[in-house]
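Please model the entire structure based on the sequences and the hints provided.
Residue numbers (the numbering used here), protein chains in the order written: chain A, 1 to 443; chain B, 1001 to 1443.
Rather than coming from a laboratory, the hints here were simulated on the basis of the structure. Given the structure is predicted, the values throughout are model-derived calculations rather than measurements. Glycine included, each C-beta is placed from N, C-alpha and C at the ideal position. Keep in mind that a hint or two might mislead.
Stated by the list, open to error - Each computed DSSO-like pair below joins lysine-lysine, with the alpha-carbon atoms no more than 30 Å apart:
hint : chain 1 : residue 1 : chain 2 : residue 2
1    : B       : Lys1232   : B       : Lys1060
2    : A       : Lys60     : B       : Lys1369
3    : A       : Lys232    : B       : Lys1232
4    : A       : Lys221    : B       : Lys1124
5    : A       : Lys83     : B       : Lys1369
6    : A       : Lys219    : B       : Lys1124
7    : B       : Lys1344   : B       : Lys1369
8    : B       : Lys1124   : B       : Lys1219
9    : A       : Lys412    : B       : Lys1060
10   : B       : Lys1083   : A       : Lys83
Said to hold, decoys possible - Here are a few chain B residues that sit away from chain A, every Cβ distance over 10 Å (derived from the structure):
hint : residue
11   : Asp1025
12   : Ala1032
13   : Gly1039
14   : Pro1089
15   : Glu1113
16   : Arg1159
17   : Pro1199
18   : Gln1289
19   : Val1317
20   : Trp1339
21   : Lys1384
22   : Lys1412
23   : Ala1416
Protein chains: 2
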Amino acid sequence: MMKRFVQVLAMTALVLPFAATAAEDTAYAFVAELTSEVGPRLAGSEAEARARVWAAQKLKAMGFQNVATEPFTMRGYVRGTDKARLTAPVVQHLAVTALDHSGSTPEQGIEGEVVYFATLDALKAAPEGSLAGKIAFVDHAIRPAQDGLGYGPYGQVRRAGPAIASRKGALGIVIRSVGTDSHRNPHTGVTSFPAGTAPIPAGAVSNPDADLIARLVAKGKTLRLALTLTGKSADNLPSGNVVGELPGRDPALPKILLACHLDSWDLGTGAIDDGAGCAIITAAALKAQSGGKPLRTIRVLLAGAEEIGGGGDEAYVKMHGNEPHALAMESDFGADRVWRVLTKLAPANAALGERVVAALGPMGIPLGKADPEGGADIEAIIAKQKLAMISLSQDGTHYFDLHHTPDDTLDKIDPAMLTQNVDVYAAVLGVVANEAGVIVPLE
Amino acid sequence: MMKRFVQVLAMTALVLPFAATAAEDTAYAFVAELTSEVGPRLAGSEAEARARVWAAQKLKAMGFQNVATEPFTMRGYVRGTDKARLTAPVVQHLAVTALDHSGSTPEQGIEGEVVYFATLDALKAAPEGSLAGKIAFVDHAIRPAQDGLGYGPYGQVRRAGPAIASRKGALGIVIRSVGTDSHRNPHTGVTSFPAGTAPIPAGAVSNPDADLIARLVAKGKTLRLALTLTGKSADNLPSGNVVGELPGRDPALPKILLACHLDSWDLGTGAIDDGAGCAIITAAALKAQSGGKPLRTIRVLLAGAEEIGGGGDEAYVKMHGNEPHALAMESDFGADRVWRVLTKLAPANAALGERVVAALGPMGIPLGKADPEGGADIEAIIAKQKLAMISLSQDGTHYFDLHHTPDDTLDKIDPAMLTQNVDVYAAVLGVVANEAGVIVPLE
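Listed below in C-alpha cells is the structure:
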C-alpha cells in the first residue's frame, strides 16, 4: 500500500509529504491555494461546498487515506446589503457589517436616534421600553492579549447585546467591532436571539467609525443613524465535514484527532481563520510520518461549519462518537507562533504529559498555568468521550486585529510562523501518536 | 484691537491661541473637529462647501484676521457605485475604488478577460489593439521610503496607465493600489485622459486583492473580471479657498504664506491628507505669536481643491498673485514628524538660511541634501513670483499606508508627532517672519 502510494507521488512529482521541508512548504501552499482558488467560504454556501471538494482532493493528493466528505445540514445566514451612515449631526458613511443571524431591515433601511452605551452593562441597565424606535450603540472595546482573554467578555457585546437591545424595544443595534485593530474594516460574527426575542437588525462598525461616534457623543451631539442590513438567516443549508487518516502501525489503538474548520467568514478569505489551522494540522500529520509511521492512526477533521454557531463538531460526534479516540487537538487561533502547551491528563498519564513538555522544551515552549480549552470543532467529542486534553496556545496578540474582517487574507500569514506551528504539532504527535500505553479518559 | 480680541477669548474661554501648549492642543482639536464634524470633503462637493464654512469660522475663533472665502469653479468627479469581482477561475469579490476621472461603466458593469502587466513599461509595450475587449491589470508596486520617493514613478501607473490602456483598445483597467499597506482598503486618486483619448473605466484594488490576482496569474490561470464603476466627471463645480492672516508689526513687508488643502478624498475623513496639514500651519502661525507679534504678516491658505487635479493654487494666484510674498511653505505629507529642512535661497539670503538651520538644530532636524519641493497648493505662486523656498520634510515611511484610503482617519494621528510639526513650523516662523532684510526671489 505504502509502496504504491510512493510511486503515485513520484509520478505526479508534486508532493513530497514525508520530507520535513516539504511538509512545511505544504502548509503555506495549502492555505495559499485554499484562499486563492476557493476564497471566502461561508458555512452552508456554494463556496463551502467547493471548499469540501477542494479539501477532499487535496487530502488525497497529500497522501491521506479514508478521505470522506460527511454531509449535514445547518442554520446559516445569507448576507445581503450592509450599509450604515450617520445622518445627524453630520452625514458620514460608516464601515459596517451585519452580524450573522441579525434581523433584516427593509431594502430602504431603518433610521433612528442613536442611544449610546459605554458598556454592555450600561445597555443591560437601560429601562425596559426606553429604546423604542431608537438604535442602540454599544462602545465596549476589546484590548489585545496574548491568550485572547478579552474575547470572552467583550465578545458578549456581539453575542448577547442584540437580544438585550431587542428586549428593551430597540429598532436596531450597532456595536463597536470586537477587534483590536484601527482600520476601516468591521468585524463580523454570530449573534443570537433566544426563542421569544424578536431579531432586530444588528451590525458592527469598524473601530475608527466607533471612535467617531464616541467623539460626537462626547461633544453632546444628538446622533441619528441610517442602517441597511438586508441579509437573512436560512435553515437546512448543506454543509459537510471532510476527514482523512494517516493509518498507524496499530490501527486498533484509539486514534489521535487533529481538527480545524474549513468554513470561513465571507468578508475575508479565511486565511488565519482558519485556513492556517487546516494547513498546520495536515502538514503536521504528514511531518509526523517523517521518522517512520507512528503507532497510532492520526485522523484530521476539517469541520464544515464552525463560524455560524458550530455544527461540524456535532455532526462529527453523530458519525464517529462511538469510535475510540485517544486525544483531540485543534488549531483555530490564527497563524502566529505557539508559545505554550496546556495539558489536562489523568494521573495515570503524568509521564506522557512530561514527555510532551520535554519534547517542546528545546523549542522554547513551556507548560502553561491554565487549563486547556478544547476548541469548537472538538468540544463535542471531548465532552462525549471525556477525552484527555493537550492544547497548543498560539500567540493571539494580533489575532483580533484581523479576526472576522475583510483583512483576513493570505498576506497576513508569516510563513516562518506557520512552519513553527507545523514543527510544534509534529513534535507533540511524535510523542502522543507513538504512545503505546492507554491514554486514559478524564473523570 | 488686540485687547478686544483677548477679551472675546476670555469670555468664550475656549481658545488660548497665544500660549504654547494651547497652540499644540489647538492642532489636534482642529483636525479632530474637521474630521468628525465635517468628515470627508471631496473638492467641489456639498461637503467641501461645509468645510469652507467651518474653516472660516474656525480661523476667526482662533484669532485670525481678514478671513475670507474665495470661490472658484473646477472640474471634479461624482463617485458612483464601485464594485469588482473575479468571475473566473473563481468568484472572489475585490476591494476596489474608482480612480477619479475614470470612465463610467453601465450600471450592470462590464466584464472581460484580464491581461496582466507586471509593470507600466510592460503595458506601454503591449501592441496596439491587443487589449480590445479586455481589462488590463497593472501590478506595479510602490515600496515605502522616508521621502516618499516611490510616489513619482509608481504613481504614474495611476496617473498615466489608464490613458495608455485606452489607446491600446482596453475595455477597462484595474491597477494595484499605489499604496504600501496590506489592508483591504484600495487607494483612490486622480487619473487623466488627454484630449483625443477616450476615458475607460479605471479602478484600483487593494494590495491583498492585487496579490490574489498575481498568484492566480502565476499559476497560469485565465482570469475574468466584472467591473462596475458608475461615477462621472463634472465641470464647473463650486470650490473655494479660505485665507486668514495674523498681521505683522510691519504689514508693508512681503508676507509669509503657509498653505495646506482643505479638500480630501471621500473614502476616508482626510485626517492625514490634509486635515493635519491645516491643523499644523494654523497652530504654528498662532504659536509664532507667543513671543510677541512677528515683524511680518503670516497668511494661511486652506486651499479648496488640491486632490482632483488642483485648482486652489491657481485660484490663489488669480486673487493674490500681484501681492508681495516673501516665502511660501506647505504642510501636506501627513502627520508624522519633520525630519529635515530643505532650502533654496538666493546667495544674498545665505545668512537667513543659516539661522533657520541653527533654529532647527536643537530639535534634531538637519539640513537635507535635496532641493525643496513647493507642493501643489503653493507651486503656482512660487512659480509666478520665483519665491525662495524653505520646506520641512515629514517622515513619509508610513504615509502611503493610508494615503487616499478609507483608513485616513483621526486615529492614525499621533498627537505628539503633530505637536512636533507645530513646534518646528513655529521655530522656522520665528526666524523668517522676523527677518527684517529683503528675502530675495530666485532667478
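Consistency of the hints with the structure:
Under the criterion of a C-alpha separation no larger than 30 Å, the hint pairing lysine 1232/B with lysine 1060/B is inconsistent with the structure, at around 36 Å. For the hint linking lysine 60/A to lysine 1369/B, the alpha-carbon distance of about 61 Å lies beyond 30 Å, and the restraint is violated. Proposed proximity of lysine 232/A and lysine 1232/B is contradicted: the alpha carbons are some 34 Å apart, above 30 Å. Taking the CA atoms of lysine 221/A and lysine 1124/B, the gap is about 53 Å. The hint is violated against a cut of 30 Å.
For the suggested pair lysine 83/A and lysine 1369/B, the alpha carbons sit about 49 Å apart, so the restraint of at most 30 Å is broken. Distance check on the hinted pair: lysine 219/A and lysine 1124/B sit about 53 Å apart at the alpha-carbon level, beyond 30 Å; violated. A hinted pair counts as satisfied when its Cα atoms are at most 30 Å apart, and lysine 1344/B with lysine 1369/B qualifies at roughly 11 Å. Taking the CA atoms of lysine 1124/B and lysine 1219/B, the gap is about 24 Å. The hint holds against a cut of 30 Å.
Between the alpha carbons of lysine 412/A and lysine 1060/B the distance comes to roughly 47 Å, so the proposed pair goes past 30 Å and is violated. With a C-alpha separation of about 14 Å, the suggested pair lysine 1083/B and lysine 83/A falls inside the 30 Å cut-off, and the hint holds. A cut-off of 10 Å between C-beta atoms confirms that aspartate 1025/B is not in contact with chain A; the least separation is 15 Å. The claim that alanine 1032/B lies off the interface is violated: its Cβ sits roughly 7 Å from the closest Cβ of chain A, which falls inside the 10 Å cut-off.
The non-interface label for glycine 1039/B is inconsistent with chain A: the shortest C-beta to C-beta separation is roughly 4 Å, within 10 Å. The beta carbon of proline 1089/B sits about 7 Å from the closest Cβ of chain A, which is not more than 10 Å, so the claim that it is off the interface is violated. Non-interface call for glutamate 1113/B relative to chain A: holds, since the shortest CB-CB distance, roughly 18 Å, exceeds 10 Å. Residue-level check passed: arginine 1159/B sits 25 Å from the nearest beta carbon of chain A, beyond 10 Å.
Listed as a non-interface residue, proline 1199/B keeps its Cβ farther than 10 Å from every Cβ of chain A; the least gap is roughly 26 Å. With a cut of 10 Å on Cβ distances, glutamine 1289/B stays outside the contact zone with chain A, its closest approach being about 27 Å. Residue-level check passed: valine 1317/B sits 32 Å from the nearest beta carbon of chain A, beyond 10 Å. Here tryptophan 1339/B stays apart from chain A, with its beta-carbon at least about 24 Å from theirs, past the 10 Å limit.
The Cβ of lysine 1384/B sits about 37 Å from the closest Cβ of chain A, beyond the 10 Å cut-off, so the non-interface label holds. With a closest Cβ-Cβ approach of about 7 Å to chain A, lysine 1412/B is found to fall inside the 10 Å limit, against its non-interface label. Look at alanine 1416/B: its CB is around 17 Å from the nearest CB on chain A, clear of 10 Å, so calling it non-interface holds up.
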